[in-house]
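S.K.: The chain contents come next:
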Amino acid sequence: MAYEIESDGKKIEIEIEPAETEGIFNVRIGDQKFHVDGIPTGEGSYSILIDGQSYEIDIDVREDRYRVVVNGEFYELDLRDERRRRPTVTAVLETPSGAQLVSAPMAGKVLDILVVAGQSVEKDQGVMVIEAMKMENELRSPIQGVVKEVYVKRGEAVEPKAKLLLVEGS
Amino acid sequence: MAYEIESDGKKIEIEIEPAETEGIFNVRIGDQKFHVDGIPTGEGSYSILIDGQSYEIDIDVREDRYRVVVNGEFYELDLRDERRRRPTVTAVLETPSGAQLVSAPMAGKVLDILVVAGQSVEKDQGVMVIEAMKMENELRSPIQGVVKEVYVKRGEAVEPKAKLLLVEGS
Amino acid sequence: MFKKILIANRGEIAVRVIRACHELDIEAVAVYSEADRKALHVRYADEAYCIGPAPSPQSYLRTDKILEVAKKSKAEAVHPGYGFLAENPRFARECEDAGFVFIGPSSKTIEQMGSKVRARQTMIAAKVPVVPGTEDPLRDLEHAKEIAEEIGYPIFLKAAMGGGGKGMRIVRDPNQLAAALRGAQSEAKSAFGDDSVYIERALEKPRHIEFQILADNHGEIVHLFERECSIQRRHQKVIEETPSTFLDPMMRQKMGEIAKQAAKAAGYRNAGTIEFLVDQHRNFYFLEMNTRIQVEHPITERVVGVDLVKAQIEIAAGRSLPFKQQNLVQTGHAIECRICAEDPANQFLPSAGLIKGLRTPGGFGVREDTGIFEGWEIPVFYDPLLSKLVAWGEDRTDAIRRMTRCLEEYQLLGVKTNIPFHLWVMRNDYFLQGDYDTHFIDTHFSKENLIQSSHHKEVAWIGAALEAWHRDQKRLRMMLSAPGGGSADSPWKLQGRREALGLD
Amino acid sequence: MFKKILIANRGEIAVRVIRACHELDIEAVAVYSEADRKALHVRYADEAYCIGPAPSPQSYLRTDKILEVAKKSKAEAVHPGYGFLAENPRFARECEDAGFVFIGPSSKTIEQMGSKVRARQTMIAAKVPVVPGTEDPLRDLEHAKEIAEEIGYPIFLKAAMGGGGKGMRIVRDPNQLAAALRGAQSEAKSAFGDDSVYIERALEKPRHIEFQILADNHGEIVHLFERECSIQRRHQKVIEETPSTFLDPMMRQKMGEIAKQAAKAAGYRNAGTIEFLVDQHRNFYFLEMNTRIQVEHPITERVVGVDLVKAQIEIAAGRSLPFKQQNLVQTGHAIECRICAEDPANQFLPSAGLIKGLRTPGGFGVREDTGIFEGWEIPVFYDPLLSKLVAWGEDRTDAIRRMTRCLEEYQLLGVKTNIPFHLWVMRNDYFLQGDYDTHFIDTHFSKENLIQSSHHKEVAWIGAALEAWHRDQKRLRMMLSAPGGGSADSPWKLQGRREALGLD
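Chains as they are written, first to last, in our numbering: chain G, 60 to 229; chain C, 60 to 229; chain V, 733 to 1236; chain E, 733 to 1236.
None of the hints are false.
Below are the DSS-like pairs computed for lysine-lysine, each with C-alpha atoms no more than 30 Å apart in a straight line:
hint, chain 1, residue 1, chain 2, residue 2
1, E, K1206, V, K1206
2, G, K193, V, K921
3, E, K898, E, K921
4, C, K69, C, K92
5, C, K182, E, K937
6, E, K1056, E, K840
7, V, K969, G, K193
8, V, K1206, E, K1088
9, V, K898, G, K222
10, E, K803, E, K770
11, V, K996, V, K986
12, V, K1206, E, K770
13, G, K92, E, K797
14, V, K1189, E, K735
15, E, K1088, C, K193
16, V, K806, C, K92
17, G, K168, V, K770
18, G, K193, V, K937
19, V, K1189, G, K69
20, C, K168, E, K1179
21, V, K1179, G, K168
22, E, K898, C, K193
23, G, K220, V, K770
24, V, K770, E, K1206
25, V, K797, G, K193
26, C, K222, E, K1179
27, C, K193, E, K770
28, V, K898, G, K220
29, V, K992, V, K840
30, C, K92, V, K797
31, E, K996, E, K1042
Non-contacting residues of chain E with respect to chain C, defined by C-beta distances greater than 12 Å in every case (computed):
hint, residue
32, G831
33, P864
34, I902
35, E936
36, G999
37, Q1057
38, R1209
39, L1212
Please keep in mind that the hints were generated in silico from the structure rather than gathered at the bench. Glycine included, each C-beta is placed from N, C-alpha and C at the ideal position.
Just need the whole structure built from these sequences, with the hints factored in.
M.R.: Structure (C-alpha cells):
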C-alpha cells in the first residue's frame, strides 16, 4: 500500500508492504527503506522495533487526521491512501469561498454566544462557550472573517458535531 | 432458567429469570427470593447489587465446576442446568469401579515418576513430578488404590490434559 | 469509631474515601447516578444506592436523596469528598440536624469561609494578611472606581460567594471597569444567586501556595506544610508539588504559623487548606480557605507520611491528633499531575467516551488514585478528572524524572488526555528551575509547543502507515465477508474487489 | 555515569531496572525471547533485541547472545536482575573480560558465595555464626552418619553448589540417611553438575530474616535493616515484611553489624543480602549470601527511602555511597505479596494463559511492580511471578489492613492466581500476631481453609447462576445465528430450538 502523509505542510509518500514473517513490514519513505517489526498491542496502539530501537505508539484517527503519540511525544498529520488522493484535492478546489463551519466537539450546553450574525471576527477569537463535563469551553473562530449564521440558541443542548456557527473568510 | 448447584455436598436448586429492566434478575433459592442487579463487567466478572449490598464477583468455569470469588473470598461449586441434571447422575453410576485418571493440569515436562504400575497408593500420595513455569509440581493420587497404568516416561514433554496415570480404587 | 460511613461523591475521591474506610474496618456506603452503575466507587463500596439520573442536580446534589440513603443504610457519618456538596453549608447542617456526623468542619465554619467577604473580614480581625482590597461588597460603580483607584490597577473583581473562577474578572484599565463589574455581577448572580462583588489587587507574578491544616475537636491544630499549586489553567490547578521551591525554612515556618492562626480564627476543625497568594517580593496574602479535603492532598500524604482521609475520619469520630507539630517533617519531594480527559492540542476541550485500553505506570515512589478502568465509559456529565498520578523522589529532580517516565509509560486508549501536556511541563526549563507563577501556562504553553518535537517524526509516519494498513485490511475482510462476498467467489472477483479497495 | 545499560532479564525485574535507568537518564537495552515480543520490558526499553526461542537455555541463559547484543548496542554496563544469569560467576567474568561493567559484585565474590561450602568457610573465618554442620563436603555415608550423630537429628543435607531448595533433604531419623544422601547427591549432580553435599542442623521453628547490604567501591558498607521472609512454600518466599516483628532494636543492630562483617569478609561491593536463620531462642546463623538484587527489595526501599536499583547503578559507576549508616532509619512498615499465576486451591499448580481482565489497586502507600497487562499471554516457560504488590503503613496493622483491601480490589481475569491465598494469610491470627516461622504454610494452610468462609455463600450461588445464564444466552445466540438458524426461521422452529437447549 502507498499512502500520502501531510505533516507540517510537507507531503510525504510512504509505502508499506508486509514481509513474509507476520508482524514484519517493509516501509519506504522516499529513498529511505525501513525494516519494521510492528505489532498491534491494542486498539490503535503498536509496539514498533526498527533496527533494535523500541517505540510505543498510540494512534487516534478522526477521518484523515492522525494523532500519533511516540513514546509520549505528540505528532499530528494527515494521511490519505493513493486512490483517495486525487478526489480529495478536487474536493478542496470545490469548497465555496472558504466558509468554515464551527461544530460542537462534544455533547454539551450552549452557555454563551459571543458573536452575532454579520459580526467580523478575528482568527482564534472566541465565538461561543459550551459547558461540558463541568467545564466551560470557549470555541474559537478557525479563520478571520464574518459570522454568516448562528445555528443554536443560548441554553440549548447540543450533540457532538452539531452545527453551531458559520464563518465566511474575508 | 433453573440450575442445580452442588456445594459442600449439598444440592441447591436455583432459578434465575431476567426482569423487565436490563441487568435486573429475579432469583429464587428454595423459599428465598432475591432481586438482583447484576451486570457483567468483564469476562466472567460481575458487579452485583442485592438490597443495596455491593459484591464484586469473578467466576472461572471448567466444565461444570465453578470457582467463584466474592469480594476476594473463594468458593467452589458444581452447577448443572435442569436438562443435564439426570444424565449426569446416570453417568456417575456407569463409571467402572472408580478408576481415576491423573492428567496433566498444564504443559510441562515429566521430571519424575514416583510410582510404578501395580503399586498401591494412598489418597494424596505424590505420584508424579511435572516441571512447568520453572517450578516442580507434585501431582497426587486423587484416591486410595492401585496404579493400573503409567502413560508417560520420565523426561517426556506433556500437553495440558494429557493422560499421565490411571489409579484404580480399592 | 464509626461502623459505617456514607460517601456523598463519585469518581476517584469516592474511591479514595472508601479505601480509607476499609483500612479502618469501616463499611462504606456509596451513592450513584444512573450513569455510574459500573463505576469503581459502586463496586468497591460495601453498599451502593442509586440516587437519580445522570445530571448532578438530579443525583449527586440531591441532599434529600443522599440523607434518605444515609438513614436507610444506617450510616453514622457522611464524607462529602470535594466538589458537589462538600462546601455547601446547608448540606452540612442537614447532616448535623439529622444526627449524622459530617466529616468536615461545622456548617457554621463552612458558611463563614464560603463567603469570600466574611472570610476576609475574619482574617483581617485575626491579623492574617489579606490581599489589599475591599472588606465589604461594592455598593455601585462609583464605589468600585474609588476603591480601584486607591489600591491601583490591575485589580480583580470577585464574587463574594465565589469559587472556581466564576464571577471573576481582571480589570487592567479604568475604562474596562464598568463592563467588567456588570459581567462579574451577572455571572455571580447566575452562579451563586447573589450578585455581591468585591475588589482585590491583582498581584504580579503571583504564586499559589497553600498550607494543609488538621484540627481536632480538642483544640489541637497542626499544619502539614505547603503545596505549591501555581500551575493553573483558568484558575484550575493542574500540577501541584511539595515542598515549594519558592519557600525557605523561615518563610515556611512563618506561613505555617499564620495558617494555623487563620484556622483558629475560623474556629476550624478537621482537615482544611489555607490558600495564600505570594507575590514576587515574597509577600504572602490569605486568599481563601477550603473547608474540605483537596484534590491534591496525596502529595502532602507522601511527603509527611500522614493519611489525611483517615485523619479526617478519626477526627470526626472525636479522636485527638496522635502527633504534635514538632513530630511532622517533610521527607523528599512529591508532584501530582491531574490526568484529565481533555485535549491539550485543542484548547483542552473535554473528551468523553470509552476507555479502550489502559496501562498505568508503577514502581517505587509512584501512586495513582483513579476512578477509571479499561472498559469504563467516561460520562459527559461530570468533571474530566480521571486520575491523579503522584511521583515521589528523594529530591525535586528525582521526582520530576520519575514523573516523566511515568507519563511516558502511561497508556490510555480511546479518549484524549492531557498527558502530552504534562510531559511538556516536566521538560520545560522554567518548570525545571522552579521559576513559575500562576500565569505559567498562558505565558509558555501553546499547541505548537506540544508538537514541536521532531525527534521521532519518521517513526510517527511509519506508525500512521501501519495503522492505515491495518484499517485497510480490516475493511477488506469486512467487504469479503459481507453478503455476496463469501468464499465461494472466484479468485478473479476477489482480486477485482481488492483492487477497487486499493488494497494491492 | 553510564549512557546505556543492557538488562539481561525479563518480567517485572527487567521493567524495574529499565525504570531506574530512565530516571537516571540512561538508555535501557532489553533482550527478549520469541515468547516475549509483546512483553513490557521490550516495550519500555529504548532498544530491544531478540536472542532466541522461548526456552531460557536458548535465550535468557545464552551469555554469548547477550554479550553480542551488548557489543552491538554499545551498552557500557550489564544489569543481570535476579535469577537467570544473576549469580553465574562465568557470566560476570565474561562481562568483565569483554569490558562491560557487571552491575553486581566481582565474579570472584559471586563464585565464592555461590559455593555454600566455601561461603560457610569464609564466614567461620570471619567469626560470623553459621548453622552448626560440616565445613567440608561429605566424603561418604559413614562420614555423613558420624557428623549427623555429632550435631543431632533432624539435619539438612544440602548441595554444596545449591540454591532454590534443589539437592536439599531433611533427615529426621538415622534410618533415612542413606536414601536421603543418595537422593540429594543425584539431584545436586543433575541440577548443578556437582554432587557435593554437606550437613547442617535443622533448626526448630526457624525464621528466615535477611539483611540488605550496600557496599561501594571505596570501602564503605552500610546495611539497610532486615526483611522477614519466613512465609515460604517449598523454600520459596511468598510474603515478606519489614521490620520483622521478631527483632528488638538491640538484636537488629547486632545482626546488622554482623551482616556488614560478613559482606566485608566476602570482599563485597554493590547490593547484596545476608540471609540468616533465627531459631526460637533468638540465636541467629548465617545461611547464605545473595549476590544480587532480591525479589523483595521494594519493602526495604519504601521503609528506608532508598532506591536500591539506582544505588546499584551508581555504585557500579564508581560513585560513593551518599549516606552513612547513622543516616538510615526505618519509617513505618511494608509488606510484599508475590502475585503468582498459580492455583492455591490445587497445590499451587502454575497457571499460564491469557490475561482477559486486569484491574490493580492503588492509593496511598501502595506500590506495584509488574510485568503484565490486560491482553498479555503468560508464557509457560518462565517463573509464575506476575507482579509484586507492596503495601506501606504507619505501623504493621495499618500495612496489613492496606494490603488486605488491595488484595480485595485486585482483579485478574483469565488466569488463576494466589491472591485468595494472600488474603487468607492477611486474616490469619498467627500472622496477625507476627507469630510464624518458615513452616507456617505447611502447618496452617490447606485448601479447606481457603474455602471455609461461608459469609457470602448465597451470593456465590447467585453469581454462578448469573454466569450460567449468560453462557446459555450466548450459546443460544450462536445457535440462532448458525447456518440454517437465521432469522428467516419460523417462530415455532426457534422456540423448539430454545426448548431443546433448555433455555426456557
